[in-house]
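The listed protein sequences correspond, in order, to chains A and B.
Residue 213 in this note's numbering sits at position 213 of the first sequence, with consecutive numbering throughout.
To convert, count from 1 in the second sequence and add 1000; that's this note's numbering.
Relax, there's no trap hidden among the hints.
No more than 20 Å apart at the CA atoms, straight line, and that leaves these computed lysine to aspartate or glutamate pairs for EDC-like: (1) A:K145 x B:D1037; (2) A:K186 x A:E174; (3) A:K145 x B:E1167; (4) A:K116 x B:E1167; (5) B:K1300 x B:D1242; (6) B:K1247 x A:D96; (7) A:K80 x B:E1167; (8) A:K121 x B:E1167; (9) A:K165 x A:E31; (10) A:K145 x B:D1242; (11) A:K247 x A:E235; (12) A:K186 x A:E133; (13) A:K145 x B:E1238; (14) A:K112 x B:E1167.
Calculated from the structure, these hints are not laboratory results.
So the chains spell out like this:
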Amino acid sequence: MLKVNNISKTFNAGTINEKKAIDGLSLSLKEGDFVTVIGGNGAGKSSLLNAVAGVWPVDSGSIELAGENITGLPEYKRAKLIGRVFQDPMMGTAPDMWIEENLAIAMRRGEKRKLKWMVTKQDRELYREKLSELGLGLEDRLQVKVGLLSGGQRQALTLLMATLKSPKLLLLDEHTAALDPATAAKVLELSDSVVEKNNLTTLMITHNMTDAIRHGNRLIMMNAGHIILDIEGEEKQHLTKQELLDKFAEVAGHQEETDAVLLS
Amino acid sequence: MNLNFLNLLSRMPSACAQGILWGLMALGVYITFRVLDIADLSVDGTFATGGAVTVMLIIGGCPAGLALLVAILAGVAAGLCTGLLHTRLGIPAILSGILTQFALYSINLHIMGMKANQTASLKKYGMFFENGKGFLVSSRYIPAAIAVGLVLAGIVIFALYTYFGTEQGSAIRATGSNHAMASAQGININNMKVLGLALSNGIVALSGGLMTQFQGTADVNIGRGAIVIGLAAIIIGEVFCDLFFRKGANFGIRMMFVVFGGILYYVAMTVILWLKMDPNDLKLFTAIIVAIFLAVPYLKNQAKTSFSRAAKHAADGKGEK
Chain A
1 MLKVNNISKT FNAGTINEKK AIDGLSLSLK EGDFVTVIGG NGAGKSSLLN
51 AVAGVWPVDS GSIELAGENI TGLPEYKRAK LIGRVFQDPM MGTAPDMWIE
101 ENLAIAMRRG EKRKLKWMVT KQDRELYREK LSELGLGLED RLQVKVGLLS
151 GGQRQALTLL MATLKSPKLL LLDEHTAALD PATAAKVLEL SDSVVEKNNL
201 TTLMITHNMT DAIRHGNRLI MMNAGHIILD IEGEEKQHLT KQELLDKFAE
251 VAGHQEETDA VLLS
Chain B
1001 MNLNFLNLLS RMPSACAQGI LWGLMALGVY ITFRVLDIAD LSVDGTFATG
1051 GAVTVMLIIG GCPAGLALLV AILAGVAAGL CTGLLHTRLG IPAILSGILT
1101 QFALYSINLH IMGMKANQTA SLKKYGMFFE NGKGFLVSSR YIPAAIAVGL
1151 VLAGIVIFAL YTYFGTEQGS AIRATGSNHA MASAQGININ NMKVLGLALS
1201 NGIVALSGGL MTQFQGTADV NIGRGAIVIG LAAIIIGEVF CDLFFRKGAN
1251 FGIRMMFVVF GGILYYVAMT VILWLKMDPN DLKLFTAIIV AIFLAVPYLK
1301 NQAKTSFSRA AKHAADGKGE K
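Same shape as in the complex, but just chain B (with noise of 0.2 Å):
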């Protein structure tokens, strides 16, 4: 096998822009996984109509800058879709996000313009810092993909930072805390959960469409398994995260661990590739270490009181005491 080195650094600036713009993905799921406790499967839908709605308004005329704002509301759209199919049809969070995953699917086509991809180059829109209305991020600017995609990120970060400390983002924390806690304080608990999954999708159409600009394309496909990249940079950030502050960490840090989990996420895989590994495997990998990393606590837990334990010490202590 013919492995250099150097190859793979260069690489890793690449990485890095990725990870960061996944990352801000991560912390659109972050707030339904973590704060709502809703595992919510829309996600793989919106970050592709973020793409969708971004490429489509460039290819218009639209600023690159606007047409992030317009693809925010599209995901706010779609996040209300699926906390209404749950709170007002009843139907079980994981269920109605699938439901708007799929159904994006067409959405997304019709946006496109009924095709699977749809590109917008550079050399005719150009940079932003180049005319004003031009591409935030590109992978021809890879520095500058990474210092707009850190300040994107640490303005989302801020935002929800002080939004979850008002009392209506801490009625949404409350929410997903303990449901009857909130209800008994005067909470509408349905609300609640439908303004978490519009503001999580806002962020994750976001991503989508920098994620668009950063390739220059749009692809139906492309927010495929993002739910399970934003659930890999969560435990990832969070593992590193509780290795620094133990678990005294403050949500703005968490946050900020979770972008960084997106950034290690896309180095790893990135290492992963340059092994001449088949990227069609990626997908096997990835599973593999979030159902590992997921499942970890409970392991560790279980190690500490399982049957099998207590059966163990039990034949141990024979005839003492």
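Looking at chain A on its own, in the form it has when it is part of the complex (with noise of 0.2 Å):
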């Protein structure tokens, strides 16, 4: 489904700053493929997904996507291909418009905005009814300006209005790092029953070694720009907390061992 073919991507070259966030990365996913994405600050987790979904070009490889070369398109070309969930709750719903008006927008991701009235009434059921699935109570407020909503439940509306047209990849980059134990549990939660209930290839970075053992079929550690670690299936699924810290220092070596004591 998803090809990623030895991607490189530095930034700041040639100045005191350059940072090499991405250095020569392969992957490769199934479709159905959920894949959790661990690593150190600066590890490169949020640069690979930024590749994949187009923030900005990458320097030299190619990306594939349901067969298709994606690699020179910009961002809003690959939308109609890619749902995110971002880490900040702010940044994946517009704060001045109403649920619905948000949801509609959504619906016709990546298509061409006709002159056509956005919101018609059997539209309005289906989102009363994904919304309900939520189990916030959004279903009956369809008329409310997101703005007023809170961290947790504009989160969840993110993560409806990424697959509420099924992507053929959902990219969820730490999108519970910025709520609070409970409500990130919730939305872990409604992540995974819709993941599986549409059958969704996968990308979910997480600072949480826990949800990353728990959460997937397969995981992967990443490192200065490169995958150490790619475990999938059975053996995943045995995976400790204690065996996935000595792997990190067992393969990164020991000078990383302060980046590992950060992953804890």
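Build the complex: two chains, separate frames, hints provided.
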């Protein structure tokens, strides 16, 4: 489904702040793969997601999604294939627009925006139904400005918006990191169910090792712009946090142990 | 001081008529300032462009209504220019607007045959209800001007309300509300900005064309400060809108109040002039009023959560708890 082929990206090349964010990374996801991504600060996790989403072009390498080479497509053109939830709950929704308007915009993700009335009656029914699945009572507040919702509600709404029109790939960028533990657990649970229900191919960054182990069918660990660990299936299911930390130390070498502490 | 109240009353209809026409311009400013969240300064130039195009076409024998349509297109072109400077060449929005406005001064002079003003006499061309192709509004026919102004404002508000309810219009709103969200949802935010700026300047040029018909004269300086007047109309309108509707007013009602704000602004200016204040001071007054109203939301917020207040609370609460 997703084929990332030897991509690299360097920021501020040629300056004192030069930073190699991604260094010859390759990754291949099968349809329905749910991959959790972990790694220390600056390991390149978010850069990987941004590269796939097309926030900026990569320096070299290629990215293929659903059989289409998307390396040269800007963010807004890739959006027809990709659903995203950001770390910042404020980033995924338009605060000045109603809940139903936000959903209507998401409903036409990647399509040409026509001169057609945006929210139709039958759409509204669908939104109501989907919102009630979130279990947050939002289905009765279709005409409320999203800016009035809490961070958790907005994040749940963003998740719904990212998947309302089934994407070929779902990118979750530490999407529960800014939420309180109870809300984070709820949003994670929602993510799990929506991914399962639609059999979505998913990349999820998390800072929480337990979450990384418990969710998804595959786990990759990143360091210095590389994938240093890739575990899936049976092996992943039996993984423990300690094993993960040990593997990290083993693969990354001793100088990285401080990072391991950061990870836990 | 010799103040004649009847004299003030007699000036009110004209103030209302002009207020409506400027309110129409404020609708254009509203699109950029409130919907797109861009302060577009090209309007000062576009307003004059609308006037220049209208007057020259009328002088050339074009029906006044058709002249306005061409004026709108000229405004759209100016807006496109600002939008492309901003999105394709990476120039900050506010500077792009200033550049367009600056360039338009020369262009407007060219349109008017290198004269600073051009007059189309009402006597020669007549009103639209006299011969079908005459002026739509004129200071000689105030009630008709008010009626035409209101009808046109109504049409523009209805059109904008409908447009911003469509998929495309909503994409513009989403762009103004949250760039990141719009991009992630597959909206080309650069194109939406260009579209919004073009639309806005088209409306501003329409207003400029009408104002020129009202006065019978196009002046290269007529648009000077238009952006500030537009902002004043928006802010005054919003204050009253929130007063009547709290925060619950929909987009259409908000736009009606913007036009109402334009009227109030002109009424206030008329009163100030009636009080025999120097007309040259009007701009200073307007600037002060707009600055105050723009500052109010910020200051309100500050009053709730400021460091000095926190310090005061801390000092007051000494020894307690």
